[in-house]
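*Asks:* Which chain is which? The protein sequence lines are A and B, in order. Under my numbering, the first residue of the first sequence is numbered 1343, with each subsequent residue one higher. Under my numbering, the first residue of the second sequence is numbered 1343, with each subsequent residue one higher.
Treat the hints loosely; a few may be bogus.
One copy or two, either will do: identical chains are not told apart, so a pair holds if it fits within one copy or between any two.
[What the hints assert, rightly or not] The calculated lysine to aspartate or glutamate pairs, modelled on EDC-like cross-linking and capped at a C-alpha distance of 20 Å, are: (1) Lys1518 with Glu1418; (2) Lys1392 with Asp1362; (3) Lys1355 with Glu1415; (4) Lys1404 with Asp1359; (5) Lys1344 with Glu1415; (6) Lys1404 with Asp1361; (7) Lys1344 with Asp1372; (8) Lys1355 with Asp1515; (9) Lys1392 with Glu1415; (10) Lys1352 with Asp1366; (11) Lys1505 with Glu1479; (12) Lys1344 with Asp1366; (13) Lys1505 with Asp1366; (14) Lys1352 with Glu1465; (15) Lys1352 with Asp1372; (16) Lys1518 with Glu1474; (17) Lys1498 with Asp1372; (18) Lys1518 with Asp1361; (19) Lys1510 with Asp1439; (20) Lys1518 with Glu1491; (21) Lys1510 with Glu1440; (22) Lys1397 with Asp1439.
These are calculated hints, taken from the structure and not from any lab test.
There are 2 protein chains.
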Amino acid sequence: MKYCSQCGNKNNKIIPDGDDRIRDVCPSCDTIHYQNPRIIAGCIPVWEDKILLCKRAINPRKGYWTLPAGFMELGETTEQAAIRETLEEAEAIVQTDELYAVFNLPHINQVYMIYRSVLLKPEFSSGTESLETRLFEEHEIPWDELAFETMRLSLKYYFRDRKIGAFKFRTTDVIKTILP
Amino acid sequence: MKYCSQCGNKNNKIIPDGDDRIRDVCPSCDTIHYQNPRIIAGCIPVWEDKILLCKRAINPRKGYWTLPAGFMELGETTEQAAIRETLEEAEAIVQTDELYAVFNLPHINQVYMIYRSVLLKPEFSSGTESLETRLFEEHEIPWDELAFETMRLSLKYYFRDRKIGAFKFRTTDVIKTILP
């Protein structure tokens, strides 16, 4: 943060008293501008044995397939964010089940929180951020055209657990963001 | 955000094209300043049958007891944040076990992520943010002097699950922050 969001003056990069990290600090109003990782909340929307995916209409990874997910907003819970993102991107109404996976992406300061969820009816279409939305059976999943490693892992875990008949909560650190 | 952190000009409060929320947008450089909830990562540090708590040296809730926890920083994972906070607040080294609880506090835009953890040795002392650190057996927990509802719930869940002999991941929405 080059400028102070409170008073508009130029910030300095200093370690505040009692801290051990360089922060953007305003020399005029003394505001310390902390920056923190952001949460991306999303769903694995299930209808019968199929999963709903969205083809991204925006960058990054435009044209690639993703589970509905996006940045959590102020004033909502992680579940509400996951439901809202599914409504926005796939125009689908889901009921969330348990939190299924947490992915840490420290290199880009993101934490993904992915919920298993059930479509309340098999109705969906493309929101403004999607080019296409479609239900996929396991053998139809476009593994080579997935937008993000977090989505590949979510789907891999899901199908593995479904085969066993027991869903196990996962937490994984992901170093690479974009699939090769 | 009153002023643009990129160029120092005054922001406008408008709904950007393709969005449905009011954001702080700079009329000069067009930067949209998104704001998002923050993650608080923490531990339930266990030594034998005892739990390590810290008496807060800072506000909010100075003088009240808490599990070690604090805001996740850029460039770290949620587990690394939980371990670092325990080192800073209780000068204790822990090994984290599974993620144990997620608390959503939408009214203050926070998401708590609490890990079960084991002290590697029974050594600890008070970091700069703590007045006192102490191991508590279950019957010694100062239930009426806990700093936050999230900590009361974490401890309640922990002791309940320990009695049963099976730890179950929890996710709970917390409306009240401070205990009465």
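*Asks:* Evaluate each hint against the coordinates.
*Replies:* Hint by hint, here is what the structure shows:
1. In this homomeric assembly, Lys1518 and Glu1418 come within 20 Å of each other (Cα to Cα) only across copies, at 15 Å, whereas the closest approach inside a single copy is 28 Å.
2. Neither within a single protomer nor between protomers do Lys1392 and Asp1362 lie at most 20 Å apart by alpha-carbon distance, with minima of 49 Å and 30 Å respectively.
3. For a Cα distance limit of 20 Å, the shortest separation of Lys1355 from Glu1415 across copies, 16 Å, qualifies, whereas the shortest one inside one copy, 28 Å, does not.
4. Taking the closest pair of Cα atoms, Lys1404 and Asp1359 come within 20 Å of each other only across two copies (19 Å); inside a single copy the shortest separation is 44 Å, beyond that limit.
5. Taking CA atoms no more than 20 Å apart as the test, Lys1344 paired with Glu1415 passes between copies only; the shortest distance there is 19 Å, against 24 Å inside one copy.
6. Proximity of Lys1404 to Asp1361 under the C-alpha cut-off of 20 Å is restricted to the inter-copy arrangement: shortest distance 18 Å between copies versus 40 Å within a copy.
7. For the homomeric pair Lys1344 and Asp1372, the shortest alpha-carbon distances inside one copy (14 Å) and between copies (15 Å) are both at most 20 Å.
8. In this homomeric assembly, Lys1355 and Asp1515 never come within 20 Å of each other (Cα to Cα): the closest approach is 29 Å inside a single copy and 36 Å across copies.
9. For the homomeric pair Lys1392 and Glu1415, neither the shortest alpha-carbon distance inside one copy (28 Å) nor that between copies (38 Å) is at most 20 Å.
10. In this assembly of identical chains, Lys1352 and Asp1366 lie within 20 Å of each other by CA distance both inside one copy and across copies; the values are 9 Å within and 18 Å between.
11. Taking identical chains as interchangeable, the C-alpha atoms of Lys1505 and Glu1479 lie at most 20 Å apart only when both belong to the same chain, with a minimum of 13 Å there against 42 Å between chains.
12. Taking the shortest Cα distances, Lys1344 and Asp1366 sit within 20 Å of each other both inside one copy (8 Å) and across copies (16 Å).
13. Taking identical chains as interchangeable, the C-alpha atoms of Lys1505 and Asp1366 are never at most 20 Å apart, the minima being 50 Å within one chain and 47 Å between chains.
14. In this homomeric assembly, Lys1352 and Glu1465 never come within 20 Å of each other (Cα to Cα): the closest approach is 50 Å inside a single copy and 43 Å across copies.
15. For the identical chains of this complex, Lys1352 and Asp1372 are neighbours both inside a copy (11 Å) and across copies (18 Å), given an alpha-carbon limit of 20 Å.
16. Within a single copy, Lys1518 and Glu1474 get their C-alpha atoms no closer than 25 Å, and across copies no closer than 41 Å, so neither meets the 20 Å cut-off.
17. Within a single copy, Lys1498 and Asp1372 get their C-alpha atoms no closer than 48 Å, and across copies no closer than 40 Å, so neither meets the 20 Å cut-off.
18. In this assembly of identical chains, Lys1518 and Asp1361 lie within 20 Å of each other by CA distance neither inside one copy nor across copies; the values are 30 Å within and 29 Å between.
19. When the C-alpha separation of Lys1510 and Asp1439 is checked against a cutoff of 20 Å, the pair qualifies both within a copy, at 12 Å, and between copies, at 15 Å.
20. In this assembly of identical chains, the alpha carbons of Lys1518 and Glu1491 lie at most 20 Å apart only when taken from the same copy (7 Å versus 36 Å across copies).
21. In the homo-oligomer, the alpha carbons of Lys1510 and Glu1440 lie at most 20 Å apart both inside one protomer (10 Å) and across protomers (12 Å), since each shortest distance falls under that limit.
22. With identical chains, the CA atoms of Lys1397 and Asp1439 are never at most 20 Å apart, being 23 Å at best within one copy and 36 Å at best between copies.
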